[in-house]
Every structure is written in C-alpha cells, then in structure tokens.
Amino acid sequence: MSFVEFNNVTFGYKEDDYLLLEDLSFSAERNDIITVIGASGCGKSTLFRLMTCLETEYKGSITINGKTPKEATGTAAFMPQKDLLMPWRSILKNVTLPLEALPMSKSVRISQAKEALEKVGLSGCENKRPSELSGGMRQRVSFARTLVQLWHGRELMLLDEPFSALDSLTRISMQDWLIGQVKGLNATVMMVTHDVEEAMLVGNKIFLLSGRPVKQIKVIDVSHINCREDLYTPSSVELKNELVSAFLTEKAEMGDNI
Amino acid sequence: MKKHLPAVLTGIGLLILWQIIAMCINAAYILPSPTQITVKIWELRDPLFTVHTPATMLVTLIGLLISVVLGVGLAVVMERFEGVERALYPVIVTTQTIPVTAIAPLFVLWLGYGIWSKVLVAVLITFFPITISVHDGLKSAKRENEELLRTMGMSSTAIFFKLKFPAALPSFFSAIKMAIPLSILGAAMGEWLGAQSGLGYFSKRMMTQLDGAGVFAPVVVLAVCAMLVVAVISAIERKLITWRKEI
Numbered sequence: 001m002s003f004v005e006f007n008n009v010t011f012g013y014k015e016d017d018y019l020l021l022e023d024l025s026f027s028a029e030r031n032d033i034i035t036v037i038g039a040s041g042c043g044k045s046t047l048f049r050l051m052t053c054l055e056t057e058y059k060g061s062i063t064i065n066g067k068t069p070k071e072a073t074g075t076a077a078f079m080p081q082k083d084l085l086m087p088w089r090s091i092l093k094n095v096t097l098p099l100e101a102l103p104m105s106k107s108v109r110i111s112q113a114k115e116a117l118e119k120v121g122l123s124g125c126e127n128k129r130p131s132e133l134s135g136g137m138r139q140r141v142s143f144a145r146t147l148v149q150l151w152h153g154r155e156l157m158l159l160d161e162p163f164s165a166l167d168s169l170t171r172i173s174m175q176d177w178l179i180g181q182v183k184g185l186n187a188t189v190m191m192v193t194h195d196v197e198e199a200m201l202v203g204n205k206i207f208l209l210s211g212r213p214v215k216q217i218k219v220i221d222v223s224h225i226n227c228r229e230d231l232y233t234p235s236s237v238e239l240k241n242e243l244v245s246a247f248l249t250e251k252a253e254m255g256d257n258i
Numbered sequence: 259m260k261k262h263l264p265a266v267l268t269g270i271g272l273l274i275l276w277q278i279i280a281m282c283i284n285a286a287y288i289l290p291s292p293t294q295i296t297v298k299i300w301e302l303r304d305p306l307f308t309v310h311t312p313a314t315m316l317v318t319l320i321g322l323l324i325s326v327v328l329g330v331g332l333a334v335v336m337e338r339f340e341g342v343e344r345a346l347y348p349v350i351v352t353t354q355t356i357p358v359t360a361i362a363p364l365f366v367l368w369l370g371y372g373i374w375s376k377v378l379v380a381v382l383i384t385f386f387p388i389t390i391s392v393h394d395g396l397k398s399a400k401r402e403n404e405e406l407l408r409t410m411g412m413s414s415t416a417i418f419f420k421l422k423f424p425a426a427l428p429s430f431f432s433a434i435k436m437a438i439p440l441s442i443l444g445a446a447m448g449e450w451l452g453a454q455s456g457l458g459y460f461s462k463r464m465m466t467q468l469d470g471a472g473v474f475a476p477v478v479v480l481a482v483c484a485m486l487v488v489a490v491i492s493a494i495e496r497k498l499i500t501w502r503k504e505i
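Going down the list, the sequences are from chains U and S. If you count the first sequence from 1, position 202 lands on 202 in the numbering used here, and the numbers rise without skipping. Quick note: to get the numbering used here, add 258 to the position in the second sequence (first position is 1).
Next up, chain S with everything else stripped away, as it sits in the complex (with noise of 0.2 Å):
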C-alpha cells in the first residue's frame, strides 16, 4: 500500500485541482467538476450500469476474446514457420498505419447497427499488440535453452510447450493488460459511429443535449471497468507468473 501512496496522492490533488478549475469557470456544459460527475452517475445509475455498461462489456469482451484467439495463433503461426513470418508480420506492422477511426464508419456501412460493426473496431484495435508483444514473447526463449532441448531428444512440440509458451506467458499477460483499455476505446468509438445502446452511444446522446456531466460520466465509468478488469488479470498474472524478474 505504501509504494501506492505518491500515485493516490497525486491523484487526489488532481482532483482537487479539477474541482477548484470548474468551480472557477462555473460552466458544468463545458467543464463539470468531479462533484457533479459523481451526482450524474448516481442519477443515471439505472441505465448507465442495466444498460448501456453491460452492453460496451458485451462488444469488449467479444472484440478481446477474438483477437486472442486470433493474435495468439498467428503468433504461434509465424513462429513456427518463418515463411509465415517474413510474409504476414510487415502486413500485420503495416496495418497498424491505417487509422481505424477514419475506416470505423465503414464497418457500420457493412454490418449496421448491431454489436459486429462495434466488435470489429475493438479487434482491430487489440489485435496488433497482442499478436506482436506474444510472438516477441515466443521468441524470448533462449536459443540455448532450444539447444539443450534438442541435445534431450524434444521435438519441436514439445519444445514448444515446455519453453516457448512458458517463457512468452510473462508476455502475453502484458498484452492483455495493454488491450484490456484498448479494446473498451474500441467499443466506445465503435457506438459512437452509431449504435442503440453503449457508453459510447450514451456519452454522444449527452453531448447533444449540452450535459457535460453527462458526457463525463460514461467516461468515468468506461475508465473504472477498464481498471478493475486489468485489475483482475494483474492478480491472476500474479498468482501463475512468479519467475518475471528472474528472466
């Protein structure tokens, strides 16, 4: 708790500082002070947590598990074949260069309203760092170690198993905590091109009605599920990695 106390501290004093600085401009339409955010949720509580934070969950969730699965098997992929690597990983590195706010209205063109258009901006976001930081993780291990392996009778497999996935688990974890708060950006930019429900789609209603509170308090809520599921993963890396300094 000690080594926290500098970060709740400085946090606090923002805090104070925000609420002196919009107390001073006095216009809660431009900047609402932390004060009236936290009534705002309060008011709004009943469809900000029944509907429209389970249904940005819902995108992030989906967009996350997706490029997992996807990030994660084409690391293994390229990986294993180096044919696979010098073809796909400039394409992947190059993709990146693409803005995805600019070409997210074309997913709701193509799939609507509905999660899906929403779901594809969250993947594509996530995808690349976890598809890069795992197959940098797979390729941490140590040649030396592949040798010893190899001088025991392993075959690439096993290999496998027993040194690449280990060793990149350290990296995967990091990528996951990385996409965790790209991936609810991705769902809330998603419902902000259009959908029916979402903190996204919230947030912009409450911009059109000039409520600044209103506007914050998505935000604040996106940020604080953001930081407890990162949270969770923290406290699972923890309990499995236990050897991260030692490599």
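Isolated chain U (complex conformation) (with noise of 0.2 Å):
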C-alpha cells in the first residue's frame, strides 16, 4: 500500500456549481518529494485542504499510511502559501505553537523550537517580532514552524506555494535552500507551486495536474535534477518546453482564467 493514496475521489466545493476533482486516483510513496503543478484554480491547494480534513464532504476514498484523513489527523505538517505567522507572539513562540497542543513540557517545547530555528539558519532571533524580519526570513520561520511536527510523529509534509509571495531574487535562494532542508528529511514532502523550474528542482517526481475537472495526474520523474545546473542539461530544457507547452495548451482549453 502506498503512503498516500486517492482512490476515485470526487470533490468540488459546495458554493461552486463545477466539480474540480473528479474519479481521480493517484498515490505518492513513502520519502518521495513531490512537486504538485497546474493551472490556477485546477485543484492544487485542494489536494492538501482535503489531505489535513479541512475539506471532508468527498466522494471517493483517500488513505494516508492506510488511514482516513480524519483517523490520520496529526500525520501531515502544513506549511500554509502566506507564513501566517502570528504578530502578538516571538519568533520562538511562533515555532512552539504546534507544540502547544502536544503533552510536553515548555523547557522541551522551547528546546525543540530553538533547535528548528537553529536547523533554518534564524539562531538569534528567537525574541524578534515577525514584523522585524524579512519576507524570506518569516517563510523560513514558518518551516521551522512545520518542521518540529515531523519530530513528532508527522510524516507528511505539504508545502503550498512556500514562496510565492516572495521576489524573484529571494525565492532562487529560498528553493536551494530548501533542497537541502527537504532531503534531508525522512518524510513525504508534497510541495504545490506554479513555477516550473521550481518543481523540476525541488522535487523527485512532478505530478501534473491538468482539465477542469482534473480526472488523472500525469506523474513525471525529475529525480535526476539535483542541482540548478541539471536545470540546463538538454533533457531538462526539452521537460521544461513540454511543461510550459502543456500549460498554454491549459490556457488555451480553460479560457484566460489561468
């Protein structure tokens, strides 16, 4: 059985008169990094929403290491598109926040953060506000934050959008950085973006999610890309073209909604 699996799931939300996911089956592997790609408004984000229950009215099956999302609660860490960090509380206090609802003491709860703070390369600004960082600075605050649920029993990582928000400069160095951040790791990385480069570098598998309502995911491997150099190599720029090319085809099917 695979780590995570959608059996035939149906689903569209409730004040919308058009279904965006429909019969659709896929299923990703233990440790596989995965990067989720698509037109806007396809479905992306709503994989996740229906992965951490946050959208439960679905037809269809869905298991997460053999369980229901419901029973599974508690498997997946959520880094959400904006960093969503809260501005009353530190730095430090933002990363304890998940840890707050696990039976644990406040010096172990404060340890674990500083350690996750430690591991993105923000020691020093535990006592800071979210206000007095940057904006690459508070999405890798907002990993720390989804990174001490995977020390405690979470397995699954979803990452929607992680860098979206940020200028083009920062967000080259936020995707290397979080290469080596995502392998490293012993848990299933699924990552939604809308950049093509993004998801051929960061992940091992692609999967492409394409027509309205989205039916199949087309899984593509990348796992040769290791590096930005590989970025380059003749293959790469030919995968790329076949990406960019399928989207416009996207475009031009949907209208201009994209």
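Don't take every hint at face value.
Claimed, not checked - Across the chosen pairs, the derived CB separations fall in these ranges:
| # | chain 1 | residue 1 | chain 2 | residue 2 | range |
| --- | --- | --- | --- | --- | --- |
| 1 | S | Ala-345 | U | Ser-223 | 53 to 61 Å |
| 2 | U | Asn-31 | S | Arg-496 | 48 to 56 Å |
| 3 | U | Ile-172 | S | Ile-491 | 42 to 50 Å |
| 4 | S | Thr-308 | U | Gly-124 | 37 to 45 Å |
| 5 | U | Leu-231 | S | Val-335 | 37 to 45 Å |
| 6 | U | Ser-245 | S | Val-335 | 50 to 58 Å |
| 7 | S | Ala-345 | U | Leu-169 | 49 to 57 Å |
| 8 | U | Ser-245 | S | Met-436 | 58 to 66 Å |
| 9 | S | Phe-423 | U | Thr-73 | 19 to 27 Å |
| 10 | U | Pro-213 | S | Ile-494 | 52 to 60 Å |
None of these hints come from the bench; they were simulated from the model. Keep in mind it's a predicted model, so treat the numbers as computed, not measured. Built from N, CA and C at the ideal position, the CB exists for glycine as well.
With the hints as a guide, bring both chains together as one complex.
Here it is as structure tokens:
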C-alpha cells in the first residue's frame, strides 16, 4: 500500500457549481518528494485541504498511511502559502505553537523550537517579532514551525506554494535552501507550486494536474535533477518546454482564467 | 509631543475665542467664560471633588464593569455558537434604536433614586459598542490562521485562546475607550433624572439657581475624568498591544 492514496476521488466546493476533481486516483510513496503543478484554480491546494481534513465532503477514498484523513489527523504538517505568523508572538513562540497541542513540558517545547530555528539558520532571532524579519526569513520561520511537527510523529509535509509571495531573487535562494532541507528529511513531502523550474528542482517526481475537473494526474520523474545546473541539460530544457507548452494548451482550453 | 501641537494650539485658540465671546455677551448665566468656570470649580472644589465626582465615577465604573462582563461574555457566546448569533445579533442592534433618554425615567420608577437606576442607564448605553466591537474583533481572526491551527490538531478552545482572543484585543481596547465617555454620559444622564448626588445632579441644581458657571463646572470635571481614564487605558493598550499596526 502506498503512503498517500487517492482512489476515485470526486470533489467540488459547495459554493461552486462545478467539480474540481472527478474520479481522481493517484498515489505517493513513503519518502517521495513530490511537486504538484497545474493551472491556477485547478485544485492543487484542494488536494492538501482534503489530506488535512479541512474539506471532508468528498466521494471516493483517501488514505494516508492506511488511515482516512480524519483518522490520520496528526500525520501531516502543513506549511501554508502565506507565513501566517502571529504578530503578537515572538519568533520562538510562533515555532512552539504546534507543540502546544502536544503533551510536553514548556522547556522541551522551547529547546525544540530553538533547534528548529537553528536548522533554518535563524538562531538569534528567537525574541524578535515577525514584523522585524524579511519575507524570506518569515518563510523560514514558517518552515521551522512545520519542521517541529515532523519530530513528533508527523510523516507527511505539505508545502502550499511556500515561496509565491517572495521576490524572484529571494525565491531562488530559498529554493536552493529548501532542496537541502527536504532532501535530508525522513518524510514524504508534497509541494504545490506554479513555478515549473521550482517543481523540477525541488521534487523527485512532478504531479501534473490538468483539465477541469481534474480526472488524472500525470507523473513525471525528475529524480535526475538535483541542482540548479541540472536544469540546463538538453533533456531538462526539453522537459521544461513540454511542461510550459502543457500549461499554454491548458490555458487555451480553459479560456483566460489562468 | 510635536504631533499633538496642532491639537493643543487649536484647543487654546478655541478657549481664547470662547473667552472673548463670553466677555462680549457679558451674561455669565447664559455663557460663562472659561476663567469664570475655573474660578467656580475652585470655589466648589470641596463638594465637587469629595462628594459628586466620586458618586458619578462609582456609577460609571460599576456600569462599565457590568457592560464589559456582559458584552464580552455575549460576544464570545455569539462567536462560538452561530445559532445564538443569529438569534441575538439583530435583537442587540434593534435595542440601539430605543432612545435610552426617553425610557430612563422608567428606571428611576423601577429602581428608585439610588445608584442602580443610573448604573442601568450607563450599562444600556455602553453595552452595545462593547458587544459589537469585541464580537467583530473575535471574527477578525483570519480563517486561514484558524485552519492552520486545526491542521496542528488544536481544539476549538485552544484556537479561541491562542488566536481569536489576542486578535480581538485591539477591538476590545477600542471598545473600552469608546465606552468610557459613554458610561460617564449615561451616569450623568441618570443623575439628571433623579439623584441625591453626582455631577449630573449637581449640574441640574446649579441650573435651577441660574448659575451658568456652576452648570459648566461639573461638565468640565466630567470631561477631564473621561480624558484621564481614556489616557490610562491607552497607556495600558500601548504596553500590551505592540502589534496593532501589523494586522
């Protein structure tokens, strides 16, 4: 059995009169690093909402490590698109936040949060407020907040367009930074992105979503791309062009809603 | 200090203008000058500050306390239970169309000339802004933040204390600052309708004696009290809420 399994899942938001996913099946193996790409509004983030039990009204079956999302609450650590740091909490207290839902002493929480901040290169920022940090640093704090959850039984990391709000130069440095972070994790990672290069660089597999509703996912192996230089080999350039062309075709088919 | 200078200068300008107009009219029972009011406050300092100001402030504080407990409690219940919100919110808004000044004499009839009829007026006037502001503050917590906490496995109670309560604090302080002058106004209004002490009662007594400066004196004391209490609350707010500009 795969670590994440979607079997014939059909889903649409109540307020919309159309389906986003129809009879969709796919699976992800343990310790896979998957990047999910597709046109805007095609349902990429919805996959995460279904896996984290934020949406429960769907048809078909979803399992994470053999359990339904409801039973698997506590399996996925979610990093949202915006950092969503609480302005009234210090950086350290923002990172301890998910640990406050777990039975552990305050001193353990603090030491683990400090360790996570050290891992993301933000030692010394513990007592700062989120407003004192740059966009890239705030995203790293958000990553640290997700990271500490992986140390407590969470085996699936869901990253929802974590760098979309950053400027291009910061995004490039954050992508390189993220590769080092996720490849050393003992967890299954799924990351939604709308950046083709980011998808090729960070993941070892790309899930390409297309159509509305999404009926199937095309899986592309990019495990041979390990660093930024690998993006410029002829095969990588060809793949990139294929993906961009798939996007453009999608756009032409769906009108200009992308 | 520099940023308050225009307001201070405007205030001083208005006082000078008032002084000039009052001197031209030269009828203190109609429009006493600021200097005449100041002199009157000094002359009446004993009854004003030892009897009537404490009486009015007691009504104000009891009224405010009851309004805060009721308003915050109701706001929390409405936020937690949608059914209660749907049932009560329109009713609370409707109660604000009832002119408190018109029904206040009834309170004297029901509760007598003691402090409770005045407290009720103060509560009715301040209850609404506190409830609505705190309720809106609780609702201002972003849905995506709430969802993130849910993915962390937080319970509704934990989400309330870790997200909604701090998010509502700025609204709570705004409501309190708005409610303080209203509470003082409610207390004074209640005293006007019937009381044995208080600044409203004192002002009414001076009016029957056609003592213009005597009518103004308690009004000035009321305004100064309101400003002082609001300043104290603002100082506490600045100390507690350092993130207001970030949300």
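Structure-based check of all given hints:
{"no.": "1", "hint": "S/Ala-345 / U/Ser-223: 53 to 61 Å", "in the structure": "58 Å, holds"}
{"no.": "2", "hint": "U/Asn-31 / S/Arg-496: 48 to 56 Å", "in the structure": "50 Å, holds"}
{"no.": "3", "hint": "U/Ile-172 / S/Ile-491: 42 to 50 Å", "in the structure": "48 Å, holds"}
{"no.": "4", "hint": "S/Thr-308 / U/Gly-124: 37 to 45 Å", "in the structure": "57 Å, violated"}
{"no.": "5", "hint": "U/Leu-231 / S/Val-335: 37 to 45 Å", "in the structure": "56 Å, violated"}
{"no.": "6", "hint": "U/Ser-245 / S/Val-335: 50 to 58 Å", "in the structure": "56 Å, holds"}
{"no.": "7", "hint": "S/Ala-345 / U/Leu-169: 49 to 57 Å", "in the structure": "54 Å, holds"}
{"no.": "8", "hint": "U/Ser-245 / S/Met-436: 58 to 66 Å", "in the structure": "59 Å, holds"}
{"no.": "9", "hint": "S/Phe-423 / U/Thr-73: 19 to 27 Å", "in the structure": "24 Å, holds"}
{"no.": "10", "hint": "U/Pro-213 / S/Ile-494: 52 to 60 Å", "in the structure": "54 Å, holds"}
The earlier numbered hints that this structure contradicts are 4 and 5.
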